[in-house]
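In case you want the letters, here they are:
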Amino acid sequence: GQQLNQSPQSMFIQEGEDVSMNCTSSSIFNTWLWYKQDPGEGPVLLIALYKAGELTSNGRLTAQFGITRKDSFLNISASIPSDVGIYFCAGQPVSGYALNFGKGTSLLVTP
Amino acid sequence: GAVVSQHPSWVICKSGTSVKIECRSLDFQATTMFWYRQFPKQSLMLMATSNEGSKATYEQGVEKDKFLINHASLTLSTLTVTSAHPEDSSFYICSTPQGVHNEKLFFGSGTQLSVL
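Chain order of the listed sequences is D and R.
End of the first sequence sits at 111 in the working numbering; the numbers just go up one at a time, nothing left out.
End of the second sequence sits at 1116 in the working numbering; the numbers just go up one at a time, nothing left out.
Excised from the complex, chain R in its bound form (with noise of 0.2 angstroms):
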């Protein structure tokens, strides 16, 4: 299945920081890049969805001047935490569709932030 290579794996960082994660394509290019947000024994949620060179779609109840994302490139999406406080800490996952339908999912391994 196709490549996803996220970093940094974890990070810690003081309340009011920001904070960027990206997530690569290794061997394809991502046209699509799904970013999901999970707290501990939960369930993923969707954030926000972008797309190569077009502005992100975000999810009802995400803020989008929080959460900035860049898809400028085909092979790599960012996820910027701006001003980030304790509340954010949470595992933040990207992902990319493939198959005929874009039906499947590869994610990338996950960020853990915690905001102090």
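Chain D extracted, bound-state conformation (with noise of 0.2 angstroms):
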């Protein structure tokens, strides 16, 4: 499938800040998610986009679905250093249901 691109690749960001990351496509998706990837774990499921223009919050998560279809982000506001991690953007493309994913943000977070 179609990789997604990701950026930015990696943040190192202090307690506190906000946090911003996209995914971009050439392609058209139905749907848009967003995963966190813990250390030796699989990924979690953060948040499930479906519409175009949709904005959507998860505690102090808030991701959006790009009106063109193309693309997504997601925002972290006042970020914890269990925020720590590496953050998914998938698509689920018009034809098929296998997501593609993109290549991850690393995001670390100093006290």
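Hints are not guaranteed to be accurate.
SDA-like mimics (lysine to any residue), calculated; alpha carbons at most 25 angstroms apart, straight line [as the list claims (entries may be wrong)]:
1) D:LYS51 to D:GLN14
2) R:LYS1020 to R:GLU1063
3) R:LYS1104 to D:SER106
4) R:LYS1041 to D:ALA98
5) R:LYS1104 to D:GLN14
6) R:LYS1066 to R:TRP1010
7) D:LYS103 to R:SER1083
8) R:LYS1041 to R:SER1073
9) R:LYS1104 to D:ASP71
10) R:LYS1104 to R:SER1018
11) R:LYS1066 to R:PRO1040
12) D:LYS70 to R:LYS1066
13) R:LYS1041 to D:GLN14
14) D:LYS103 to D:THR62
15) D:LYS70 to R:GLN1098
16) R:LYS1055 to R:LYS1014
17) R:LYS1104 to D:GLY66
18) R:LYS1055 to D:GLY96
19) D:LYS103 to D:GLN9
20) R:LYS1066 to R:SER1083
21) R:LYS1104 to D:GLN3
22) R:LYS1041 to D:SER20
23) R:LYS1041 to D:PRO111
24) R:LYS1104 to D:THR56
25) R:LYS1014 to R:SER1073
26) R:LYS1041 to D:SER106
27) D:LYS70 to R:VAL1100
28) R:LYS1104 to D:SER7
29) R:LYS1041 to D:THR68
30) R:LYS1014 to R:GLN1029
31) R:LYS1066 to D:ALA98
32) R:LYS1066 to R:THR1049
33) R:LYS1041 to D:GLU17
34) R:LYS1014 to R:PHE1039
Hints in this document: simulated from the structure, not taken from any laboratory.
Quick one: dock chain against chain with the hints and give me the complex.
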């Protein structure tokens, strides 16, 4: 499947700062999802987005499905040390249902 | 969300041996199971899709005789890495789709395979 363009590749921030990351694709997706992966663990679903323009929050996390259906962003507000991990975007293509994943954004938060 | 139990968490084996990884769905029936492979600091790469009672579908470049997948029941899917070699060392993760359009993937905890 097509790999999504996810940026930034890594972020090193201080506790309390806000974080923003995004994913873009040359193809349209029906669904955008954001996952977090801790070291040595499988990814955990954070947010799922289903409609163009949709803005959804999960606690301090907010994600949006781009109007063009080719992009999505994830914001984390007031970061805390336990936000450390790798965040992946994933998109479900129009044809088929196997997800395509971004390369991930590695987030480090210092106290 | 759906709970997928994956075992073992890690395995170290000698080159040439075979390793079996199990994924069990604990609170639902998993008609479909995806198997992913992940190298350090890399994204998840889909290896194959298994459907209960039928042959698995492998992605291009994945050797089906090397990575044997069995999905004989609705609660258990297995991946066997046959005649493992050091280049097979990787993090293997299973996942099952849920949701109206099977858009949400719920992942097992992964298996770190190290082949000596």
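For this session: State the violated hints by number, sorted upward, taking the hints as numbered earlier in the document.
Result: 1, 5, 7, 8, 10, 12, 16, 25, 29, 30
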